[in-house]
Structure formats: C-alpha cells, structure tokens
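Engineer: Sequence:
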Amino acid sequence: MMLTKMDNANATIPQWLQIQWENVAKSTDSSYLSRLAAWEMLTKKGFPSSKDEKWKYADLSFLQKNAFVLANFPYLKEIKSLIDVCRLPAASSKLIVLIDGYFMPAYSDVDQLTNVKVLPLASVPYQSQLDIEVNQHQAKDHHPFSQLNAAMWQDGIFLHVLPQSNIEQPIHLLSISTQQQGAITHPRHVILVEEHASLTLLEEYISLHDDAYMTNVSTTILMKNAAKLQHYKIQQENKQAIHIAHTVMKQSANSEVKRTCFSIGGKFVRDDVTVKLEEQAAKCQLNGLYYANDNQQYIDQHIMVDHLASDTQSEMLYKGILDKKSRAVFDGHLLVAKEVQKITAFQANHNLLLSNKAEVYSKPTLEIYADDIKCKHGATIGQVSQDALFYLRSRGMDQLAALNILLQAFMEDILEGIPHVAIKRHVKEVMNVDQAR
Numbered sequence: 001m002m003l004t005k006m007d008n009a010n011a012t013i014p015q016w017l018q019i020q021w022e023n024v025a026k027s028t029d030s031s032y033l034s035r036l037a038a039w040e041m042l043t044k045k046g047f048p049s050s051k052d053e054k055w056k057y058a059d060l061s062f063l064q065k066n067a068f069v070l071a072n073f074p075y076l077k078e079i080k081s082l083i084d085v086c087r088l089p090a091a092s093s094k095l096i097v098l099i100d101g102y103f104m105p106a107y108s109d110v111d112q113l114t115n116v117k118v119l120p121l122a123s124v125p126y127q128s129q130l131d132i133e134v135n136q137h138q139a140k141d142h143h144p145f146s147q148l149n150a151a152m153w154q155d156g157i158f159l160h161v162l163p164q165s166n167i168e169q170p171i172h173l174l175s176i177s178t179q180q181q182g183a184i185t186h187p188r189h190v191i192l193v194e195e196h197a198s199l200t201l202l203e204e205y206i207s208l209h210d211d212a213y214m215t216n217v218s219t220t221i222l223m224k225n226a227a228k229l230q231h232y233k234i235q236q237e238n239k240q241a242i243h244i245a246h247t248v249m250k251q252s253a254n255s256e257v258k259r260t261c262f263s264i265g266g267k268f269v270r271d272d273v274t275v276k277l278e279e280q281a282a283k284c285q286l287n288g289l290y291y292a293n294d295n296q297q298y299i300d301q302h303i304m305v306d307h308l309a310s311d312t313q314s315e316m317l318y319k320g321i322l323d324k325k326s327r328a329v330f331d332g333h334l335l336v337a338k339e340v341q342k343i344t345a346f347q348a349n350h351n352l353l354l355s356n357k358a359e360v361y362s363k364p365t366l367e368i369y370a371d372d373i374k375c376k377h378g379a380t381i382g383q384v385s386q387d388a389l390f391y392l393r394s395r396g397m398d399q400l401a402a403l404n405i406l407l408q409a410f411m412e413d414i415l416e417g418i419p420h421v422a423i424k425r426h427v428k429e430v431m432n433v434d435q436a437r
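Residue numbers (the numbering used here): 1 to 437.
To be clear, the hints were calculated from the coordinates, so they are not data collected in a lab. Treat each hint with caution, since some may be false.
What the hints assert, rightly or not - Between beta-carbon pairs, the in silico distance windows are:
(1) F73 with D111: 53 to 61 angstroms
(2) S50 with D29: 36 to 44 angstroms
(3) D111 with E339: 47 to 55 angstroms
(4) Q179 with T344: 19 to 27 angstroms
(5) E429 with G382: 22 to 30 angstroms
(6) P163 with Y391: 16 to 24 angstroms
(7) A409 with E339: 37 to 45 angstroms
(8) K65 with L36: 25 to 33 angstroms
To be verified - Mimicking EDC-like on lysine to aspartate or glutamate, the simulated pairs with C-alpha atoms at most 16 angstroms apart in a straight line are:
(9) K319 with E359
(10) K342 with D311
(11) K283 with E256
(12) K117 with E40
(13) K374 with D311
(14) K324 with D371
Yeah, the Cβ is synthetic: ideal placement off N, Cα and C, and Gly gets one too.
Input sequences plus hints: build the corresponding full structure.
Structural biologist: In structure tokens form, the structure reads like this:
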C-alpha cells in the first residue's frame, strides 16, 4: 500500500487516509479551519513508530494492511429490538445510542431526560467546538489519533448537565457497530457537568458482527465547581476490532470524578486518559480491569494525571489478566507541578499471567516538582498461586472452577467499587471469566 512521506522519516500517512482527508476537506463547512489545523498537526509528526516511548509496544501495521472506509450513515431495519436487548434491566437507565459512529435520537431516550441536554455535536456553537479542540491539542504529549479524530470526525454528542442537577438514573451511552465491514468511525463527544451537578455515565461499545473495523473516539469531559461524575466504560467489541480512545478530563475546584474502565474485546485496544486537576481540592479516582484472552490480542492503557493545583487528590488502580499469546501495556504517569502543595496521589498496577506466552509491560511513573506531598506507586506481575489452587481442588473443585474463583477474587475489589446495582450486574456478566475462557 502506498504511503505519503512526511518531514519525519518515520512519519507516514497511508494513502487511503490521505484520500479520505481530501474528501472530508471538500465537504466540510465552518469547521474546516479547525479540521485543517488538526490534520496539519498530524501530518507534521505522523503516526508513531516503536521508537516513540509511548508507543513502544504497539504494532500499528493495521494502518498499512487495511484500507478502512468512513462509515456511512446507517439505514437499518428492526434495530430497535436489538437495542432493547442492550438496555440495563428494569428501566434503570436512560439510553443514548450511536450506530456506526452516528448519533441516533430516534432510538435514544432524549425526550425523557430532565435537566440534561443531549445534542448532536455539530449543533453546538462553532466557537465552543474550536475552544475544546484547541485545549485538547495543547496536551503535553503528541496524540496522533486524537488529531485524526479532530480532522475527520463525522458525528458525536454534546451532553450538558445543568447546574445544581442530581441526575439519579445513569445515562447509558451505547455505541454499536453493525455490518459495515472495514469501516472506520470517529465519534467525538463533549460532556459538560455544571456547578454542583452530578451524573452517572455508562459508556459501552459493542459489535453486531465479527468483521474487522476501527473505532477512533475522542471525548472531552469538563467538570465545573463541585461537580461529580461516576463514569464507567465497557469495551466488549469483537475479536477483530480496533478500538482507540482518547479522553481528556478537566476538573475545576472541589469536583470529583470516579472513572472505571473494563476492557475485554478487540484485537488492538488503546485507551489514553488525560486528567487535569486544574483547581484546588479537585479529586479523581481511576480504575481499570482488562482481560486479554486471545492470541495476538493487545490492550494498552495510558493514564496521565496532572496535579496543577494544591490540595488535589488522585488514586489509580488497574488490574489485568492475560491468557494465551496476548499482550498488555500499562503506563501510568502522575505529575505534580511546581509550587503545588498538599498533594495526595497513589497508583498501582497488578497483573496475572495465565500463560507463559502472555506478556505485560507495566510502567507506573511519578514526576514531582513539589515538597509537601504524599505519593506512592507500585506494580506486580505474577501467576495464580499454586497453593491456593491446590487448596480449592482439595475441596473437590475441578481445575477450571478453582481457577475462576481465584480470578473472580482478583477482580473483586474493582467490581465491588460500583455502587449502582444494575451497572455492577452488567459488568460482572461482561467480565465473566469462566465464559470468556
């Protein structure tokens, strides 16, 4: 496949992507200038290679091996019954549906929401979009797929929680991939939680087919003063899917975010999360659970937390289970800026290898430029305890049943941190180790 060479010898853009950009550039409206700026930023540095530390273990050869096509707007029959199956039980949430990257108000519960506005992102005033894009591009690191999203995005949502609003029922943001083989989607979301408002958000990605496709999603979350967010992400796409996501969270004073990511599907999965604790007493808790159980499956978690104000707190706990010939990466980075004091920050990553062919690379990092802080980090990589396994088997269990009890126990502290009953039940069904193996 032909490649377009850039200034950097390693920076190449596949020809199919160059053609897509030319078509997008012809058809765009007032967003053209911001799209062009993002495209130029991408082409200046290009996609990373193994020489880039943040992408050291990632194999991006799928960009050359595949010629993905932009997903068309879906025209589906009898999709409502399929969507209803994906709902949480007992009408315990409000559903917002995207199909092949396109927001579908007709299948969503938009008219049932109170104190929450959900709009197509394209309908948000252009200046607001531009400001958000500029903020994202000012991130410390080069995020090529986020820049690709900013250049090529087709649709997405603007979710606005009004001030002083306590949204009791979770909002379920469901993204469905249908039978568009070889499609690529670039959903773009902006979530604004106003002052003293609270929201529970479940973000979920599923497939209705087994074909290869690519999702490249970008999400910006803006937390105003004393706002609260419980954010859960479930990625359970098919075993050929490529899922790349970049989430930027900006937190104002006294805001609180708890985000938990569950990843079990996909062939190539990359989750970048950037949290900026910009004002005093902002708090975040970031948890993750990933289970790679297929040959050549790759799951990559990169988390950056910037403590930019005093009295801010962060916690990070990610756990992984790897089987067969799979590979995982955890890269957690805590930054404490200069003249920022009274910081509490912890991070940990624990992994279990079920196969001698599985690989995991763990890199928790502290970058501290202040004195009055309390920070620690750690990582473990090991195997299932043979003593514990023997103990369970001596009580009459077979090998598989005993192993699954130990794996469930390994996951339990993250699963039990979900206060919403229906979400917890759904996550446990998704992460059913016995079924997955």
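Engineer: Regarding the pair K319 and E359, is the alpha-carbon distance no greater than 16 angstroms?
Structural biologist: 14 angstroms, holds
Engineer: Please check whether D111 and E339 have a Cβ separation lying inside 47 to 55 angstroms.
Structural biologist: 49 angstroms, holds
Engineer: For the hint 25 to 33 angstroms, verify it against the beta carbon of K65 and that of L36.
Structural biologist: 28 angstroms, holds
Engineer: Taking only the CA atoms, is the gap from K117 to E40 under or equal to 16 angstroms?
Structural biologist: At roughly 33 angstroms apart (the allowed maximum being 16 angstroms), E40 and K117 break the hint.
Engineer: Taking the Cβ atom of E429 and the Cβ atom of G382, is their distance within the range 22 to 30 angstroms?
Structural biologist: 27 angstroms Cβ-Cβ, so the 22 to 30 angstroms window holds.
Engineer: Check the following: the C-beta atoms of P163 and Y391 are separated by a distance inside 16 to 24 angstroms.
Structural biologist: Given range 16 to 24 angstroms: violated, Cβ gap about 54 angstroms.
Engineer: With respect to the beta-carbon atoms only, verify the hint that Q179 and T344 lie 19 to 27 angstroms apart.
Structural biologist: With a Cβ separation near 48 angstroms, Q179 and T344 fall outside 19 to 27 angstroms, so the hint is violated.
Engineer: K283 and E256 were given as a pair; does the straight-line alpha-carbon distance stay at or below 16 angstroms?
Structural biologist: 5 angstroms, holds
Engineer: Given the range 37 to 45 angstroms, decide if the beta-carbon distance of A409 to E339 lies inside it.
Structural biologist: The hint (37 to 45 angstroms, Cβ to Cβ) holds, given that A409 and E339 are roughly 43 angstroms apart.
Engineer: Starting from K324, check that the Cα of D371 is at most 16 angstroms away, please.
Structural biologist: With a Cα-Cα distance of about 44 angstroms, the restraint between K324 and D371 is violated, given a limit of 16 angstroms.
Engineer: Hint check: K374 vs D311, CA-CA at most 16 angstroms. Holds or violated?
Structural biologist: 11 angstroms, holds
Engineer: Note whether the CB distance of F73 and D111 lies within 53 to 61 angstroms or breaks it.
Structural biologist: 21 angstroms, violated
Checked against the numbered hints above, the structure violates hints 1, 4, 6, 12 and 14; every other hint is satisfied.
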